[in-house]
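K.L.:
Fit chain B to the given chain A structure using the hints.
There are 2 protein chains.
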Amino acid sequence: MSTPESVTSFTQSRSEIEHSLSIFLQDQRAQLAAIGTELDSVSTSLTEYVLNGGKRLRPLFAYWGFVGAGGIPNSAIIRACASLELIQACALIHDDVMDGSDTRRGFPAIHKKFASLHRDQGLSGDSDAFGISSAILLGDLALVWADKMFHASGVESDALIRSLPVFDEMRVEIMAGQYLDVLEQALASQSVERSLRVAQLKSAKYTVERPLHFGATLAGADQQLLESYSRYGMPLGESFQLRDDLLGVFGNPDETGKPAGDDLREGKRTVLIAATLERANGTQAAFIEQHLGRITLGVNDVMRMREIIIDTGAVAFVEQMIEDGLAKALSALEESQIERNASEHLAELALVAARRSL
Amino acid sequence: MSTPESVTSFTQSRSEIEHSLSIFLQDQRAQLAAIGTELDSVSTSLTEYVLNGGKRLRPLFAYWGFVGAGGIPNSAIIRACASLELIQACALIHDDVMDGSDTRRGFPAIHKKFASLHRDQGLSGDSDAFGISSAILLGDLALVWADKMFHASGVESDALIRSLPVFDEMRVEIMAGQYLDVLEQALASQSVERSLRVAQLKSAKYTVERPLHFGATLAGADQQLLESYSRYGMPLGESFQLRDDLLGVFGNPDETGKPAGDDLREGKRTVLIAATLERANGTQAAFIEQHLGRITLGVNDVMRMREIIIDTGAVAFVEQMIEDGLAKALSALEESQIERNASEHLAELALVAARRSL
Numbered sequence: 001m002s003t004p005e006s007v008t009s010f011t012q013s014r015s016e017i018e019h020s021l022s023i024f025l026q027d028q029r030a031q032l033a034a035i036g037t038e039l040d041s042v043s044t045s046l047t048e049y050v051l052n053g054g055k056r057l058r059p060l061f062a063y064w065g066f067v068g069a070g071g072i073p074n075s076a077i078i079r080a081c082a083s084l085e086l087i088q089a090c091a092l093i094h095d096d097v098m099d100g101s102d103t104r105r106g107f108p109a110i111h112k113k114f115a116s117l118h119r120d121q122g123l124s125g126d127s128d129a130f131g132i133s134s135a136i137l138l139g140d141l142a143l144v145w146a147d148k149m150f151h152a153s154g155v156e157s158d159a160l161i162r163s164l165p166v167f168d169e170m171r172v173e174i175m176a177g178q179y180l181d182v183l184e185q186a187l188a189s190q191s192v193e194r195s196l197r198v199a200q201l202k203s204a205k206y207t208v209e210r211p212l213h214f215g216a217t218l219a220g221a222d223q224q225l226l227e228s229y230s231r232y233g234m235p236l237g238e239s240f241q242l243r244d245d246l247l248g249v250f251g252n253p254d255e256t257g258k259p260a261g262d263d264l265r266e267g268k269r270t271v272l273i274a275a276t277l278e279r280a281n282g283t284q285a286a287f288i289e290q291h292l293g294r295i296t297l298g299v300n301d302v303m304r305m306r307e308i309i310i311d312t313g314a315v316a317f318v319e320q321m322i323e324d325g326l327a328k329a330l331s332a333l334e335e336s337q338i339e340r341n342a343s344e345h346l347a348e349l350a351l352v353a354a355r356r357s358l
Numbered sequence: 359m360s361t362p363e364s365v366t367s368f369t370q371s372r373s374e375i376e377h378s379l380s381i382f383l384q385d386q387r388a389q390l391a392a393i394g395t396e397l398d399s400v401s402t403s404l405t406e407y408v409l410n411g412g413k414r415l416r417p418l419f420a421y422w423g424f425v426g427a428g429g430i431p432n433s434a435i436i437r438a439c440a441s442l443e444l445i446q447a448c449a450l451i452h453d454d455v456m457d458g459s460d461t462r463r464g465f466p467a468i469h470k471k472f473a474s475l476h477r478d479q480g481l482s483g484d485s486d487a488f489g490i491s492s493a494i495l496l497g498d499l500a501l502v503w504a505d506k507m508f509h510a511s512g513v514e515s516d517a518l519i520r521s522l523p524v525f526d527e528m529r530v531e532i533m534a535g536q537y538l539d540v541l542e543q544a545l546a547s548q549s550v551e552r553s554l555r556v557a558q559l560k561s562a563k564y565t566v567e568r569p570l571h572f573g574a575t576l577a578g579a580d581q582q583l584l585e586s587y588s589r590y591g592m593p594l595g596e597s598f599q600l601r602d603d604l605l606g607v608f609g610n611p612d613e614t615g616k617p618a619g620d621d622l623r624e625g626k627r628t629v630l631i632a633a634t635l636e637r638a639n640g641t642q643a644a645f646i647e648q649h650l651g652r653i654t655l656g657v658n659d660v661m662r663m664r665e666i667i668i669d670t671g672a673v674a675f676v677e678q679m680i681e682d683g684l685a686k687a688l689s690a691l692e693e694s695q696i697e698r699n700a701s702e703h704l705a706e707l708a709l710v711a712a713r714r715s716l
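Protein chains in written order, with the numbering used here: chain A, 1 to 358; chain B, 359 to 716.
Note that these hints are calculated values from the structure, not bench results. We put the beta carbon where it would ideally sit given N, CA and C, even for glycine. Possibly wrong hints are sitting among the right ones.
[What the hints assert, rightly or not] Stretches of chain B that chain A covers, calculated by requiring three or more beta carbons in the stretch to come under 8 Å of a beta carbon on chain A:
#1 477-489
#2 492-505
[What the hints assert, rightly or not] Just so you have them, the derived chain A footprint on chain B, three or more residues with Cβ under 8 Å:
#3 526-536
#4 546-559
Same shape as in the complex, but just chain A (with noise of 0.2 Å):
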């Protein structure tokens, strides 16, 4: 168990995460083992999929969140954290499978590595399929083991009972935002209003307010608390996918682990794209429309897309929004009741999840 002086480090917050996800992990693979041995590979991918990369935002809001409401963390509290990162895992392989992403972090997503899988091993049937059925496999595996994770953290009854209802809206609230995100692609949203909409909901809500509800709620807070850590939480959630939208379209493919301007390729309607969409003359909306989710779509056409974005100013007035959005979670944090030490971790972790500058 952890004192609380052990754990002021945003470092240390951290890698406690990192290493009771890696004891779980672990566990889970001696079970599924002791199921059948094929089941090796399920464990294997998973394992490697959660513990390569991935910034733990989730689990380090809700450990500040814990923190700042006057919670005292021990190993138990680390564990019910940590265990958010497996919904993530969950959503981010769906998503993949429903983006068709080959990659994630830098290594094949999970539906292209059990398809590769299907054919070294010259197993009967389409690769693909194969591919695509274990993925809608593992995720749901995630999703349940994110749940075993939290209800044997070892966290007190009273506080895993009282985080319930948090950790199953947090959830709620993911997959309702996933499948507007994806309404909205196939109705072609060209409108800014819109997209924020499925931002606040996929993200703002599920990255940073509800992982900071869980965690203050973990720890008993009051309702005004909870006020405090949405108006610092909303905003700066937005900031988040803002940036998430600028890299998918800008980012580097070695930090981003996705091919350069891979958001374009699947035709993503960000609000970085119905901002362009709304500032662009005939001639530029013209090329986004028809470039825009072109799998085949090339280098010189992603340059051309980002000149275009860049030009109707969609791009200054995005990183504007996200200065705002940025500010207002900073000055919400001054004027709550935030317990000090975690309020200056939760103003550094603002600045990661707004600039991606850790």
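P.N.:
Here is chain B on its own, set in the frame of chain A:
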């Protein structure tokens, strides 16, 4: 709250489960509508899917497992048991995507329904891909709703906390079992023994044994009673799966809600198929191997395959296995300490599961 007297009948316990599902789904519909009216199609489809048929076997095993352990049922217990049906909804929705099945209980599968919705509304992008994405997310949502329905059921805290591990293990097992099933198809398994192992995990544990344990644990049952339930549940669960295999090949489409011989078209490697191949002569085996899993399988091919499956003696063999399992289950009931009233209903439920005679 129901009095114990009011829930002694099989039909009544089923209708109380039905009612609590309907109330829960109505509440979720309102909650999703508050997030966005575009989610109406999500809640409507999931509600129809869950309420349009299904034998409620898992909730019923849980319910009678609870009563058999001396529990006095009330509406909170009904809700907790009914939540298992939402896990099953997730399993079926995802299963239909993986199998490429177009129908379920005589209605379009969820991915088909959302593909049609996309097509009818003339939305942008590929209709089938939209259908699959929607089905993945609706399945995920059903899995989260199962948690929510159980957590918010109103059962006492001690009972809730005690039962969480059973609830979690049940879901790990179904996902692991589903993966082994997918793998078994890819390995084109011809072994009765291997197919039976998948049936044990996928059906015997998940459909019968774990729901019984779940109900029993809610009632605070001791280890001895849990073991009695295993002795009844495991052979019965195998019989249930074997009946499913027979129905998948010989079932009346009006009753199964699936096209005739659907399992043959999907190429399912069941105990029935393994038993056929073990017994078949060269010509018979060649015919089965050539036609199994062919999407274009015509009525004549299905008829010829059925003939071979019967002629080899595989049907008689599987029917005998079903009866043996049922006999074991019933004799385990007699030797157990299970409450008499519950024991009679569990015997009735065994006939439903093994013979689908109700």
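K.L.:
Take the hints in turn and mark each one as holding or not.
P.N.:
Hint-by-hint comparison with the structure:
Beta-carbon proximity to chain A at under 8 Å applies to 5 residues in the segment 477-489 of chain B; the threshold of 3 is reached and the given coverage holds. Three residues within the 8 Å Cβ limit are the bar, and the segment 492-505 of chain B against chain A gives 11, so the coverage statement holds. Here the segment 526-536 of chain B counts 7 residues with a CB under 8 Å from a CB of chain A, which clears the bar of 3, and the coverage holds. Restraint check on the segment 546-559 of chain B versus chain A: 3 residues with Cβ-Cβ distances below 8 Å, three needed, restraint holds.
In terms of the numbered hints stated before, the structure departs from none.
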